[in-house]
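The lines below spell out each chain.
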Amino acid sequence: MNWKRASSAAVVAIPIIALLGYGLTLDPKEIPSPLPGRAAPAFSLAVFAEGMGAQHRASGDTVRLADHSGEVVVLNFWASWCLACRDEHTTLSDVSDVYAGKGVKFYGVLYNDVPNNGTRWIAEMGGQSYPSLEDPRTRTAIDYGLYGVPETFFIGRDGRVAYKHVGPVSATVLATKLDSLLALPAPGRNSSDSARSVPVRTSGQ
Amino acid sequence: MIATARRPRRGTGGQRVGGRGVAPLLLAVLLLAGGSAGSAGRLCAQQVEVVTTGNRTLDERTRDVASQLRCPVCQGNSIQDSPSELAQEMKGVVRDQLAAGRTPQEVKQYFIDKYGEWILLEPTASGFNLVVYLLPIVGVVGGGALIWRAVRKWTTPPETGAAAGPGPRS
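Protein chains in written order, with the numbering used here: chain A, 1 to 205; chain B, 206 to 375.
Hint data in this document are derived by calculation from the structure and do not stem from the laboratory. Fair warning: this is a prediction, and the values are worked out from it, not measured in the lab.
The calculated label-pair distances, taken between Cβ atoms and stated as ranges, are:
1) B:Ala330 <-> A:Ser170: 38 to 46 angstroms
2) A:Trp3 <-> B:Ala355: 19 to 27 angstroms
3) A:Trp3 <-> B:Ile352: 21 to 29 angstroms
4) A:Leu184 <-> B:Leu351: 51 to 59 angstroms
5) A:Thr25 <-> B:Ala330: 22 to 30 angstroms
6) A:Asp61 <-> B:Asp286: 38 to 46 angstroms
7) A:Leu184 <-> B:Leu335: 33 to 41 angstroms
By construction, the Cβ of each residue, glycine as well, lies at the ideal position given by its N, Cα and C atoms.
Sequences are here, hints too, so could you generate the full structure?
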């Protein structure tokens, strides 16, 4: 009789304890992004910080994701008020230099900040090898499901978001992800003018 | 008995209907007269009302959708209640999309596509999410059954004699 009761209690209690235990392993602050694997949201943003060398873009130029079809794009959202962004700045600049000639484009996107502050911050940090773009009213940030900075998105040659990194990104993560994306075959045709048509293009291969 | 009781009611009722029927008729005539005279004015008033409440309606719809979306910064608040700048911008997106003719469901779907179902303050009642809705009911029903059983056990007087003995335990 007691064994019966104990087993009944266990049947009820074990799943509840397991569920609560599983909940403890999760970070409630972390929002799982549905974007990886999907077509990267298209954007068209103006350059406010030019970058240097191979990654240079003139200030005021408009950068469109659609213009980078067939290239790997790293999109790093940052802000001058973000302390963690300082930790990754040098790493991003250095890795951007290394991958500039390999068909990888780096862009910074200013989040919830004004370009003047951004330019001042870049100068204070000793420059930035890749250009930074302004995102008025954070529309692109919302399009990418951003909830804080820094966040870095890796967009593959097929125009899909391959990976999203939350927090300061390390050189190892950058190199690993970029190497794996460069190892993938480039899409056959570049006729699309929008990243959203990527699924059609890949399904035709 | 019942039939006789009904007859007088019908009779008096009929008289009452006839007597009271004058008032609605008079009211209808007055309304028609007044209506024909003031119909143009009322139409204008209605049109003005639609125009003036157009923005208010958009605000209300924005508030309604924004109240259902979780703020990614505060997480416990809706973007309607959150003071964070991101929430305010997201509310702007809601408003813009509603103004562009998207339905509230389409606007919510846009945010689900970007942030996942996490963005909804109330998860949709389908699939695994049903657990959230069913578990409390199961808990209440199960708990109630346990309490009922325990109360019955406590309040039932113990049986005397051999029937209450250790027989069943062996």
